[in-house]
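Chemist: Protein sequence lines, in the order shown, are assigned to chains P and X.
For the first sequence, counting from 1, position 201 maps to 201 in the UniProt record's numbering; every step adds exactly one.
For the second sequence, counting from 1, position 77 maps to 77 in the UniProt record's numbering; every step adds exactly one.
Each hint should be verified, as a subset may be incorrect.
As the list claims (entries may be wrong) - Below, simulated EDC-like cross-link-like pairs (lysine to aspartate or glutamate); rule was C-alpha separation at most 20 Å, straight line:
| no. | chain 1 | residue 1 | chain 2 | residue 2 |
| --- | --- | --- | --- | --- |
| 1 | X | Lys150 | P | Glu523 |
| 2 | P | Lys117 | P | Glu295 |
| 3 | X | Lys57 | P | Glu295 |
| 4 | P | Lys231 | X | Glu61 |
| 5 | P | Lys311 | X | Glu23 |
| 6 | P | Lys297 | X | Glu156 |
| 7 | P | Lys231 | X | Asp26 |
| 8 | P | Lys316 | X | Asp26 |
| 9 | P | Lys252 | X | Asp26 |
| 10 | P | Lys390 | P | Glu486 |
| 11 | P | Lys297 | X | Asp165 |
| 12 | P | Lys297 | X | Glu4 |
| 13 | P | Lys311 | X | Glu20 |
| 14 | X | Lys150 | P | Asp71 |
| 15 | X | Lys52 | P | Glu587 |
Because the hints were derived from the structure by calculation, they are not lab data.
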Amino acid sequence: MPAVENTIVICAGGACISAGEISVKESLENTLREYALDEVVRVVETGCMGACDLGPIMVIYPEGVFYQKLDSNNVKKVVEEHLLKGRIVKELLYTGPTGEVKEKPQEELPFFKKQVKIATRNLGVVDPLSIEEYIARDGYFALTKVIKEMNPEDVISELKKSGLRGRGGAGFPTGLKWEFARKATGDIKYVICNADEGDPGAFMDRAILEGDPHSVVEAMTIAAYTVGASKGFIYVRAEYPLAIERFSHALKKAREYGFLGENILGSEFSFDIEIRIGAGAFVCGEETALINSIEGKRGIPRVKPPYPAQKGLWGKPTLINNVETYANIPPIILHGGDWFAQFGVEGSRGTKVFALAGKVNNTGLVEVPMGISLRELIYEIGGGVPGGKKLKAVQTGGPSGGCIPEKHIDTPITYDTLKELGTIIGSGGMIVMDEDDCMVDVAKFFLEFTVEESCGQCTPCRDGTKRMLEILERITEGEGTEEDLETLKELSEHIMKTSLCGLGQTAPQPVMSTMRYFWDEYEAHVKEKRCPAKKCKALTRIVIDKEKCVGCTACARVCPVNAITGSVRNPHEIDPEICTRCGSCLEVCRFGAISKVSP
Amino acid sequence: MSFEEVKKTVTEIYERVKLESLEERDNLINILHAIQEHYGNYIPLEAAEVLKELTGKSLSEIYEVLTFYTMFSTRRRGKYIIRVCKSLPCHVTGGAAVIEALKNGLGIDYGQTTEDGLFTLEESSCLGLCGVSPVMLINDEAYGNLTPEKVFQIIEEIRERERSDVK
Numbered sequence: 001m002p003a004v005e006n007t008i009v010i011c012a013g014g015a016c017i018s019a020g021e022i023s024v025k026e027s028l029e030n031t032l033r034e035y036a037l038d039e040v041v042r043v044v045e046t047g048c049m050g051a052c053d054l055g056p057i058m059v060i061y062p063e064g065v066f067y068q069k070l071d072s073n074n075v076k077k078v079v080e081e082h083l084l085k086g087r088i089v090k091e092l093l094y095t096g097p098t099g100e101v102k103e104k105p106q107e108e109l110p111f112f113k114k115q116v117k118i119a120t121r122n123l124g125v126v127d128p129l130s131i132e133e134y135i136a137r138d139g140y141f142a143l144t145k146v147i148k149e150m151n152p153e154d155v156i157s158e159l160k161k162s163g164l165r166g167r168g169g170a171g172f173p174t175g176l177k178w179e180f181a182r183k184a185t186g187d188i189k190y191v192i193c194n195a196d197e198g199d200p201g202a203f204m205d206r207a208i209l210e211g212d213p214h215s216v217v218e219a220m221t222i223a224a225y226t227v228g229a230s231k232g233f234i235y236v237r238a239e240y241p242l243a244i245e246r247f248s249h250a251l252k253k254a255r256e257y258g259f260l261g262e263n264i265l266g267s268e269f270s271f272d273i274e275i276r277i278g279a280g281a282f283v284c285g286e287e288t289a290l291i292n293s294i295e296g297k298r299g300i301p302r303v304k305p306p307y308p309a310q311k312g313l314w315g316k317p318t319l320i321n322n323v324e325t326y327a328n329i330p331p332i333i334l335h336g337g338d339w340f341a342q343f344g345v346e347g348s349r350g351t352k353v354f355a356l357a358g359k360v361n362n363t364g365l366v367e368v369p370m371g372i373s374l375r376e377l378i379y380e381i382g383g384g385v386p387g388g389k390k391l392k393a394v395q396t397g398g399p400s401g402g403c404i405p406e407k408h409i410d411t412p413i414t415y416d417t418l419k420e421l422g423t424i425i426g427s428g429g430m431i432v433m434d435e436d437d438c439m440v441d442v443a444k445f446f447l448e449f450t451v452e453e454s455c456g457q458c459t460p461c462r463d464g465t466k467r468m469l470e471i472l473e474r475i476t477e478g479e480g481t482e483e484d485l486e487t488l489k490e491l492s493e494h495i496m497k498t499s500l501c502g503l504g505q506t507a508p509q510p511v512m513s514t515m516r517y518f519w520d521e522y523e524a525h526v527k528e529k530r531c532p533a534k535k536c537k538a539l540t541r542i543v544i545d546k547e548k549c550v551g552c553t554a555c556a557r558v559c560p561v562n563a564i565t566g567s568v569r570n571p572h573e574i575d576p577e578i579c580t581r582c583g584s585c586l587e588v589c590r591f592g593a594i595s596k597v598s599p
Numbered sequence: 001m002s003f004e005e006v007k008k009t010v011t012e013i014y015e016r017v018k019l020e021s022l023e024e025r026d027n028l029i030n031i032l033h034a035i036q037e038h039y040g041n042y043i044p045l046e047a048a049e050v051l052k053e054l055t056g057k058s059l060s061e062i063y064e065v066l067t068f069y070t071m072f073s074t075r076r077r078g079k080y081i082i083r084v085c086k087s088l089p090c091h092v093t094g095g096a097a098v099i100e101a102l103k104n105g106l107g108i109d110y111g112q113t114t115e116d117g118l119f120t121l122e123e124s125s126c127l128g129l130c131g132v133s134p135v136m137l138i139n140d141e142a143y144g145n146l147t148p149e150k151v152f153q154i155i156e157e158i159r160e161r162e163r164s165d166v167k
């Protein structure tokens, strides 16, 4: 068999697949066969490399050349030029904002350079369908170490040293949680992985499950050994079909290799994992609701205490952690708690995976040491706000979080600092917003979400958020009063104090935080019936400047609702009754003839 | 479809899922997923009656679960279920126009199915593909970086494919 000369790694994360990765791979393989290169060039599909906006991406080794925005046509050129003739295809390389071309962005770009990958160490490196590749990256070494050399107390002590806190949102110290579950008495115990990542804007758990499923299998098995559990469940959202598929495959392989099942690695310890699939309910991300759902019931939260560590699944002691938390466990075991604790800052140790989305140039996943500032994250790693627009705010923590205004972007990101700013790290979603986004609209948006997703069990969450939403709708329709603003504040306080579970208790957060930092926007809506960001439909109109319009018809052609009329070379008109203010026309007008006005 | 047929099918599915599970009890949601998959996007109401007998649960307990989760439907849905993400990252990157285009292009609102039985439009919580927002899922396939034009194109491609399949 000829020796492999090149390995091509293609990102097969969800985002790249949605951008056409499958046809790129097929085209690549066909071309390789055509030139009889298929035996000397190995093609590997890997998990999310993080830079979602550049997809589909591939890296050619040993050179490490990074090609981006591929499609089924231009990938042929890479084979013909790069592999056959040794010439790099410049136009498919990463091009920086100033036009400079980078062959190896992974080493040179701040997006990659500033990252410290622990939880995502294998993403973009291993083939998620190959257990051998995982093992080659020290996979299952931690499990072996735990079973052969450590007792459960040692594991807990390393976790405590590491300072790791739950990455799902609440940030509870992981070592302590494991200790509670270990100490709980019961003949049967369970281990659960919460993979019901529902926060809008967070997608690291999906990427980890799709790109490195074995790290979660390994960590859950270590957890089971530590707390004394024999069965485990992973509860995955049905919205993530690829994650379910890859994780199922990992389970099968782990069983074949003796890392799961009876007498793991020849020891007395037996453990197995089953996948349970969600069915579209945000509340199931709350741990007690998730437990109810695994039990085959409606996913409604239970009153805490008792906590799952004492009384969880089927009333038995249950350890429950989220995907990213688990992904950190094997490296902590291998390198020690002190090693992990050297990253980050007091109270927020280690690294955190953030999902950059919204109005930011480099969207995607980044793993950075805790304590990094928002400025570094958004400007250096994220490449700033597109289109020369001004950064307005960053939404973190999903529906339980809030907005951080531009003036606070030098704040280091830690559990405590974000709390002081009235938001949370949550699961790590960061939605960047620019001057075109209305903060009242954002608050309304989250309330719509909460109202829809409230499980309906307790009145403050079910009815209270509904009343808040009605008020916010009135305000964005231009019918709000100053009294409404007061009512919003009052309702917020009541709901936070009296809701049953964490979701209800934090549901008013998006409103509270936007009111705190963007009070003037609320006032503009209420007092002047004006939307400063020109976003709220009822308070905004789109107008065509007849002087500037040359009648190119571009706007009329893109209007999805046919609100624009006019003949070629004559100024066009827009019907405000039909217009949905979607802004498509604004984007295509090359003459600056279309603008939004408020009121 | 007669009750007897449903009974036979659901009983088979029930037994199979039970065998595949680590814990025999209470895997109602897994069973419902399997039933929905079998019937293609929906769960016939008769299935609930059968499950009542098989599980010993009351009908209301089963309905409670069936109606709580948005992904389960007791009404027949289209061959293609379009789940469009309406979360904030999609919203700030032009999601509203995409949703508008979907509704216009299909001629239906959320929860409805096109007359030809091809498409059902549903809103979805975050699909976790925020890096390429706005996003939608058609059955198990994700489409990112959407624009109104791209939406029209995707729908048209599926319609075209279906038309040629019929021929």
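Chemist: All the hints need checking, so say for each whether the structure fits it.
Modeler: Taking the hints in turn, this is what the structure says about them:
Straight-line distance between C-alpha atoms of Lys150 (chain X) and Glu523 (chain P) comes to about 38 Å, which puts the hinted pair past the 20 Å bound. The hinted pair formed by Lys117 (chain P) and Glu295 (chain P) fails the criterion: a straight-line CA distance of about 35 Å is larger than 20 Å. For a cut-off of 20 Å, the pair hint linking Lys57 (chain X) to Glu295 (chain P) stands: about 13 Å separates their Cα positions. For the proposed pair Lys231 (chain P) and Glu61 (chain X), the alpha carbon gap of about 26 Å is over 20 Å, so the pair is violated.
Simply put, Lys311 (chain P) and Glu23 (chain X) have alpha-carbon atoms about 17 Å apart, close enough for the 20 Å limit, and the pair holds. This hinted pair does not check out: Lys297 (chain P) and Glu156 (chain X) have alpha carbons roughly 40 Å apart, beyond 20 Å. Annotation: proposed proximity of Lys231 (chain P) to Asp26 (chain X) holds, straight-line Cα distance about 15 Å (limit 20 Å). For a cut-off of 20 Å, the pair hint linking Lys316 (chain P) to Asp26 (chain X) stands: about 15 Å separates their Cα positions.
A threshold of 20 Å between alpha carbons decides the hint, and for Lys252 (chain P) with Asp26 (chain X) the separation of about 23 Å lies outside it, so the pair is violated. This hinted pair does not check out: Lys390 (chain P) and Glu486 (chain P) have alpha carbons roughly 30 Å apart, beyond 20 Å. Among the hinted pairs, Lys297 (chain P) with Asp165 (chain X) is inconsistent with the structure: their alpha-carbon atoms are about 41 Å apart, more than 20 Å. Between Lys297 (chain P) and Glu4 (chain X) the CA atoms are separated by roughly 27 Å; this puts the pair beyond 20 Å, and the hint is violated.
Note on Lys311 (chain P) and Glu20 (chain X): the hinted pairing is violated, with a Cα-Cα distance of about 26 Å set against a maximum of 20 Å. As the CA atoms of Lys150 (chain X) and Asp71 (chain P) are separated by approximately 16 Å, the hinted pair is consistent with the 20 Å bound. For the given pair, Lys52 (chain X) sits about 56 Å from Glu587 (chain P) by alpha-carbon distance, which is inconsistent with the 20 Å threshold.
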